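Hey, can you piece these two chains together into the complex? The hints should help.
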Amino acid sequence: MTNVIKLSAADLSGLLVERSISSVEVTQAHLDQIAAVDTGVHAFLHVAGEAALAAAARVDARRAAGEVLGPLAGVPIAIKDVLATIDMPSTAGSKILEGWIPPYDATVVRRVRDAGLILLGKTNMDEFAMGSSTEFSAYGPTHNPWDYDRIPGGSGGGSAAAVSSFEAPLALGSDTGGSIRQPAAVTGSVGVKPTYGGVSRYGSIALASSLDQVGPVTRTVLDAALLHDVIGGHDPLDSTSLTDTWPSMAAAARAGLADGALTGVRVGVIKELSGDGFQAGVAQRFTETLTLLSAAGAEIVEISAPSFEYAIAAYYLILPAEASSNLARFDSVRFGIRVNPEDGPLTSERVMAATRDAGFGPEVKRRIILGTYALSAGYYDAYYGSAQKVRTLIQRDFDAAFSKVDVLVSPSAPTTAFKFGEKMADPMAMYLNDVTTIPANLAGVPGMSLPMGLAPEDGLPVGLQIMAPAKMDARLYSFGAAVEALLEASWGHTLLSRAPELARREMFAGTATSTAFTSTEGAV
Amino acid sequence: MSEITAEQVAHLANLARIDLSSEEIARLTTELGQIVDSVAKVAEVATPDVPATSHPMPLTNVFRADTVVPSLTVEQALSGAPDRDGDKFRVPAILDEE
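Line by line, the protein sequences give chains W and D.
Counting from 1, position 239 in the first sequence corresponds to residue 238 in numbering that gives the first Met the number 0; the numbering is continuous, with no gaps.
Counting from 1, position 94 in the second sequence corresponds to residue 93 in numbering that gives the first Met the number 0; the numbering is continuous, with no gaps.
Just so you know, not all the hints are guaranteed correct.
Said to hold, decoys possible - Stretch by stretch, here's where chain D covers chain W in the computed footprint (C-beta under 8 angstroms, at least three residues): (1) 162-172; (2) 235-246; (3) 327-333.
Stated by the list, open to error - Ranges of calculated distance between the beta carbons of each label pair, as one might list FRET restraints: (4) Thr59(D) - Ser324(W): 36 to 46 angstroms; (5) Thr59(D) - Tyr378(W): 24 to 34 angstroms; (6) Gln283(W) - Leu58(D): 50 to 60 angstroms.
Said to hold, decoys possible - Listed next, the in silico BS3-like pairs over lysine-lysine satisfying Cα-Cα at most 30 angstroms (straight line): (7) Lys364(W) - Lys40(D); (8) Lys40(D) - Lys403(W); (9) Lys270(W) - Lys40(D); (10) Lys94(W) - Lys40(D); (11) Lys418(W) - Lys5(W); (12) Lys87(D) - Lys422(W); (13) Lys470(W) - Lys364(W).
Keep in mind that the hints were calculated from the coordinates and are not lab data.
Note that the structure is a prediction, hence the values are computed from the model and not measured.
All residues carry an ideal CB built from backbone N, CA and C; glycine is no exception.
Just chain D, with the same shape it has in the complex (with noise of 0.2 angstroms):
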């Protein structure tokens, strides 16, 4: 068995930014234990031989010509913003007051 606790729920979702509700950070600790002790079973056959696979079509230096291209207007990157402040992002405070 994983020994997967709630503080250590608490501490991921912080990591990950969410605020999890504590009802959902107990459903979660008994849900992630449960997975983690299926997916485990990957070690059972991940010798040190083997050598570790992160793309199934490995490409290298991947580039393009060195040209001016057309890219999104100001207008453009910021049509989606929550909140915007002329031609910036506007966002809260990024410094807590502590």
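One chain only, chain W, in its complex shape (with noise of 0.2 angstroms):
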């Protein structure tokens, strides 16, 4: 048998349903696995082993007894740490959440949980999902799976590096301005940013929320569809939700595998997001990727979104303001933590104030004040005002663009992975990181990144983003299956079979065994 870690979702599901391998045989070889390579990468916040291994088993004996389940029961899934649990911590990599367990769960949790998914445990972000690094986390940093001297991207690099370093298949994330996008290009792994309002929100500690939206972090495509389809559609509980009828992914991703798919289709390239400001390995490799795709009968148009270049401004005016709203919620009385004022009078504003200060660290107390400023009387017509403008423009570029194309690429971060450090001490070059990404979100579109090849200068993984017309999140997935499937057929292999191996920690006894993990449980 081969490594079960190394399957897909989808390999995975065939030989769940076929019954040639249980359920819990699958999930602790991931627990093994995680307590093997885990202290290294630390994506996990918070890992449920027996809880994980319960619910499998549970699964299993609904197979045996005759149960048609659906392809994803008994497929085991890391949930980021932003979306709530309700027998889990969710603290969004904030202490000011520290221990909080939630009441209730998110609803694409809740669908996960219902189609028969086994929740691994909570993976590691950026506070509040405010970072491209996992820097910002409160817990300490996720380290790159292919380096481990290098950040995983951010926010949501806990999942990314979860589904690289094969201790899941199947990872949740949410993507604000990138944050499942840029940690799959620097990861080599693919995540999706789905249609704004195409997957409920509810349930998920909103960071901004005119731009939030959940999505599959994954190693392919294919696996990404069939995530898609358990947790899309219409949500009542989220009233951004949209109400309309999807179609399947996972059956449009199996399409792009076809003859001929990419014959005739239009491949708009952003002029903006192309050329100067790129690391010459990522330019390189988005050039190949462009003539291999020509080859196979795609037409590549060149296409100018002028707006595009006021796009990250526009987003760090917009996410600010609406994250100081957002976080106003944190005020020590219904949920979280509870510090005192060293001295002076007890009184609820000054515990909150004290609160927030020892809750929230940099990065958050950086956009608050930037967005109760952007807020402000006297600065809101200039300021937050004039963003609102610009993302209109924005859409309008977008609007244009696929008057004339199918869809659009660019690559989908401007370097690969950097080193801890190398971004902290000054936040507009962190932020300048999302500039392939924000536009986006700031539309609304939906937007997926794949790997397409290593940086010749330093062997690291290049990811190319696609984007399609709001609602045609379908499309994606038939054009990323066949970019995915071409790109492969040009190397012979995945792009992650190249990943380095991880160091194992020793295990008890010289076996990875359940009891070696459970020494673990919950302190990963």
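Rendered as structure tokens:
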């Protein structure tokens, strides 16, 4: 039997359905991998080993009794810590929520449970999803499985590192300005930000409500599609949830594998998201991918999106404004920690201020103050009001582009994974990292990142970003699956098969057992 | 250049209810100045003829059916509270002594 943890969710599904492997075996193999490598990777903030094995045993029993379950029943999944889970702490990477166990599940969490997926635990992230590196997590950074001295991207570095280090075949992420796509790019995995409103945000701890979107984090396009089919669709508990009926994303991904799937597809290359400002190896792999696409029958069209130049500026006004308002709920009354001021009277106002000083990290404070400034009387029109107009201009650029092409492509990130500390001293340098991913969030259109090679100068993964018109998520999956197959055929292997073997921690008695795992329960 | 002062940052911190130290205020004053300078470019293209967009997929009048559905119990709602008194959240004095 091949190594279980290296299999895709789609392949695991096949084995589980035909009952040639049990969910308990699959779950145990992933828990063993977490126990063996997560000391180095630190993708997880919490591991729920016993609960996962119990849930796996229940799925096995139901299948043994002849029940027909969904395709992903019995497949393990990791959950980004921004999502509320009724049986696990949900901190959003912040000290202010340390140990908080929500009294409810996020809708997406409820849906993966109902579909029989096995929740392995919660993954690390930048505090309240503010960051591009996980360096702003209050619980220490996650390390890139390709090079432990480098960032795994952010904010969802934990979910991306979990799938790329084979600790989980699937994970959930959230993407406000690139937090699913940029980590996918720098870890050699796949990530999808669905159309705004396509996946419920109920129970997702809010960062910027007009931008946040929950989506799949996986190693293959088909796996992302399978997970999208589980989590997507209308949710009456989220007032921004779209009521549309969606096609099967998995069927769309499989359609992309048909011969000639790329013939005649009009692929737009955004002039403003290529050329200068991109690392040489990123630009090179992007150009090579365009050549491959062209040879496969796609038509490459250059597109100009002049307003994209203003996207970062608009984003770093809209996001802090919405975040400063959303994070007002952390008031030391209903949930989270409470810290009293060192001296002076104990009033609610002063306790709240002391709690927020102690509970929030530097980036969260920076963005709350910036957002409070942008929303202040006298500045509102110049900053927040203008940013909302830029948003209109960016939507118009997308509309114009999609009148000429079927999909848009760009590199997912300007560089490969950078080293820890490189951008910590300069907030603007960190913000510029999101230049490629932010436009999709401002316009609400879906975006995907998939691996398109290793940069020759550093041997690190490079991601291709694909964007489609709003509500055309299925097109992303068809095109993405076709590009993935084309690239892998040109390499003769998957990109992640080139990732370094991770050092494994010594197991008790020389074997990876559940006993060895249990010793780290909840404390990974 | 923007004219962000330490007094202004201290005022914003007070509005945002974050008890910042003087070192944090000094650092944020510099950083905020740099960030504001760089995001202020939105004004270059935000001309009066361009309408504002607040939401990428505008939806209006989202209602649910007027039926009773299960909600959190008192125990669940209080489960994460830092302090409680019976069935209520317990908070420090809400009025200043002055």
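Okay, the hints, checked on the actual structure:
1. Counting residues of the segment 162-172 of chain W whose beta carbon lies closer than 8 angstroms to any beta carbon of chain D gives 0, which falls below the threshold of three, so the coverage claim is violated.
2. Three residues within the 8 angstroms Cβ limit are the bar, and the segment 235-246 of chain W against chain D gives 4, so the coverage statement holds.
3. With a threshold of 8 angstroms between beta carbons, the proposed coverage of the segment 327-333 of chain W by chain D holds, since 5 of its residues qualify and at least three are required.
4. Distance hint for Thr59(D) and Ser324(W): a CB-CB separation of about 21 angstroms, inconsistent with the stated range 36 to 46 angstroms.
5. As the Cβ distance of Thr59(D) to Tyr378(W) is approximately 28 angstroms, the hint placing it in 24 to 34 angstroms holds.
6. Under the hint 50 to 60 angstroms, the C-beta atoms of Gln283(W) and Leu58(D), about 43 angstroms apart, miss the expected range.
7. About 23 angstroms separates the Cα atoms of Lys364(W) and Lys40(D), which keeps this hinted pair within 30 angstroms; it holds.
8. Annotation: proposed proximity of Lys40(D) to Lys403(W) holds, straight-line Cα distance about 29 angstroms (limit 30 angstroms).
9. At most 30 angstroms may separate the alpha-carbon atoms for a hinted pair to count; Lys270(W) and Lys40(D) meet this at roughly 20 angstroms.
10. Proposed proximity of Lys94(W) and Lys40(D) is contradicted: the alpha carbons are some 34 angstroms apart, above 30 angstroms.
11. A threshold of 30 angstroms between alpha carbons decides the hint, and for Lys418(W) with Lys5(W) the separation of about 27 angstroms falls inside it, so the pair holds.
12. A hinted pair counts as satisfied when its Cα atoms are at most 30 angstroms apart, and Lys87(D) with Lys422(W) does not qualify at roughly 45 angstroms.
13. For the proposed pair Lys470(W) and Lys364(W), the alpha carbon gap of about 35 angstroms is over 30 angstroms, so the pair is violated.
Taken one by one, the earlier hints fail for this structure at numbers 1, 4, 6, 10, 12, 13, listed in ascending order.
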